[in-house]
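In order, the protein sequence lines correspond to chains A and B. Just add 4 to the spot in the first sequence (first one is 1) and you have my numbering. Just add 32 to the spot in the second sequence (first one is 1) and you have my numbering.
Just so you know, these hints were derived from the structure itself, not from any lab. One or more hints might be untrue.
Cross-link-like lysine-lysine pairs, in silico, DSS-like; alpha carbons within 25 angstroms at most [to be verified]: (1) Lys-115/A / Lys-34/B; (2) Lys-241/B / Lys-92/A; (3) Lys-241/B / Lys-212/B.
For the chain B half of the interface with chain A, some residues (derived, Cβ under 8 angstroms), not all of them [unchecked claim]: (4) Leu-41; (5) Gln-42; (6) Thr-55; (7) Leu-57; (8) Gly-94; (9) Pro-95; (10) Leu-236; (11) Ser-242.
Simulated restraints on C-beta separations [as the list claims (entries may be wrong)]: (12) Gln-66/A / Asp-91/B: 16 to 26 angstroms; (13) Ser-48/A / Ala-220/B: 46 to 56 angstroms; (14) Asp-225/B / His-35/A: 48 to 58 angstroms; (15) Leu-23/A / Arg-92/B: 44 to 54 angstroms; (16) Val-79/A / Pro-183/B: 39 to 49 angstroms; (17) Trp-46/A / Asp-225/B: 17 to 27 angstroms; (18) Pro-183/B / Leu-63/A: 54 to 64 angstroms; (19) Pro-52/A / Asp-39/B: 19 to 29 angstroms.
Using N, Cα and C, we set each Cβ at its ideal position, and we do this for glycine too.
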Amino acid sequence: MAEGRLAKATPTAGQAEDLLAEAARWRDEGHKVALATVVQTWGSSPRPVGSQLIVDDRLRLQGSVSGGCIEGAVVHEAQAIMAGAPPKLLEFGVSDEQAWDVGLACGGTVKVFVEGVE
Amino acid sequence: MKRDILDRLQKARAEKRPTALVTDLTDGRQFLQVENSGSGELKLTPAQQAAVAEALAADRSGPLPEAPDLFVHVYNPPLRLLVVGAVHISQALVPMAQIAGYEVVVVDPRKAWANEERFPSVRLVDDWPDEAMRALAPDQRSAVVVLTHDPKLDDPALDIALNSSAFYVGALGSRKTHAKRLERLREAGLGDDALARIHAPIGLAIGAKSPSEVAISIMAEITQVLHRVPPLVRQPQPEAAQ
């Protein structure tokens, strides 16, 4: 099939944003990296299942697991995991006391799994 | 996540192979399924492997129904948009679809239209649409839009799209143009079920006028069909009411 040149990949805001590649790059630079993934949602939630956030030991952030309401708490857990704690499943929701603190404004419930990238 | 799993996952994604990563949420152990074979620290029963294959086919990430501690993250190859016609609307549609995460290919044998100056960052195919479409082989993660307004380019592309499992097939043209098109395609041997799959006039009825607005309405309709949202009832167009 005759075809034109394959131009450089266009960065996209959707699935094509490659956080895993970025996580691997940060590891290769010698940084500790944690990966947070939305694994379940109920009701309205700003980011769907599979959405991810990566954070490293210099608190560089990429991606998101919510509209910004729970990222702080997730990063807090990520720091513990980068310091050697085991992976952890976090749950945020309106009935949850922590959610009042961090304020899941949309009123949904979301489970986020946080793990280290070895 | 073990580095070995991460590297194998990235390799499989780069090769555009359907891949699923299964994580045990109680301890973080993982299992990587690439197409039909899987391996990892985590062991799955045959029933769980079947459920993972089902999640891949449905393109749905989430906990396994029978084992909610196991989270399946589906990494399917990107959605594709095959655009027939390197026209003005396509110049707006291509970057919009790319931003939405689609891998886009533009098919048009006319060099005056399909060139890098007009389409700087997309794959261009200059074969005749039937040959090009056969090679591109639309699958259930592909959308096809035909926009040339020229039956000798549009019709062969539609013929192949309608005989494929493309999740969306749309064609530019007014109701009148489309009625004539249906006649031609029926004569060419396409059945009513196949013809009913064509979204025409293309795009959601949002009053689009400029090429970029038409591109928005096309992208909106593709999104609606992708997520299987029932279409809104179309209001009569103002022109038709007069």
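Here's how the hints hold up against the structure:
Our distance criterion of 25 angstroms between C-alpha atoms is met by Lys-115/A and Lys-34/B, whose separation comes to about 22 angstroms. Restraint check for Lys-241/B and Lys-92/A: not satisfied, since their Cα atoms lie roughly 51 angstroms apart, outside the 25 angstroms limit. With a CA separation close to 23 angstroms, the supplied pair Lys-241/B and Lys-212/B stays within the 25 angstroms bound. Here the hint on Leu-41/B is kept, as its CB sits about 7 angstroms from the closest CB of chain A, short of 8 angstroms.
The restraint placing Gln-42/B at the interface with chain A holds, with a minimum CB-CB distance near 6 angstroms, inside the 8 angstroms limit. Contact between Thr-55/B and chain A, as hinted, is supported at the beta carbon level, the nearest pair being about 7 angstroms apart and thus within 8 angstroms. Residue-level restraint check for Leu-57/B holds (minimum Cβ-Cβ distance to chain A is 5 angstroms; threshold 8 angstroms). Evaluation of the Gly-94/B hint against chain A yields a held restraint, the C-beta minimum of about 5 angstroms falling below 8 angstroms.
Among the interface hints, the one on Pro-95/B holds; its C-beta lies about 6 angstroms from the nearest C-beta in chain A, closer than the 8 angstroms criterion. For Leu-236/B, the shortest C-beta to C-beta distance to chain A is roughly 19 angstroms, which exceeds 8 angstroms, and the interface hint is violated. Against a cut-off of 8 angstroms between C-beta atoms, the interface hint on Ser-242/B is violated, since the closest Cβ of chain A lies about 22 angstroms away. In this structure the hint that Gln-66/A and Asp-91/B lie 16 to 26 angstroms apart at CB holds, the actual value being about 24 angstroms.
The hint said 46 to 56 angstroms for the Cβ distance between Ser-48/A and Ala-220/B, and at roughly 47 angstroms that hint holds. Checked against the given bound of 48 to 58 angstroms, the beta carbons of Asp-225/B and His-35/A, roughly 56 angstroms apart, stay inside it. Range check, Leu-23/A to Arg-92/B: about 20 angstroms between beta-carbon atoms, so the 44 to 54 angstroms window is missed. As the Cβ distance of Val-79/A to Pro-183/B is approximately 57 angstroms, the hint placing it in 39 to 49 angstroms is violated.
With their beta carbons about 38 angstroms apart, Trp-46/A and Asp-225/B fall outside the hinted range of 17 to 27 angstroms. For Pro-183/B and Leu-63/A, the hinted distance range of 54 to 64 angstroms is satisfied, since their beta carbons lie about 59 angstroms from each other. One distance hint, 19 to 29 angstroms for the beta-carbon pair Pro-52/A and Asp-39/B, holds here, with the actual separation near 26 angstroms.
In terms of the numbered hints stated before, the structure departs from hints 2, 10, 11, 15, 16 and 17, listed from lowest to highest.
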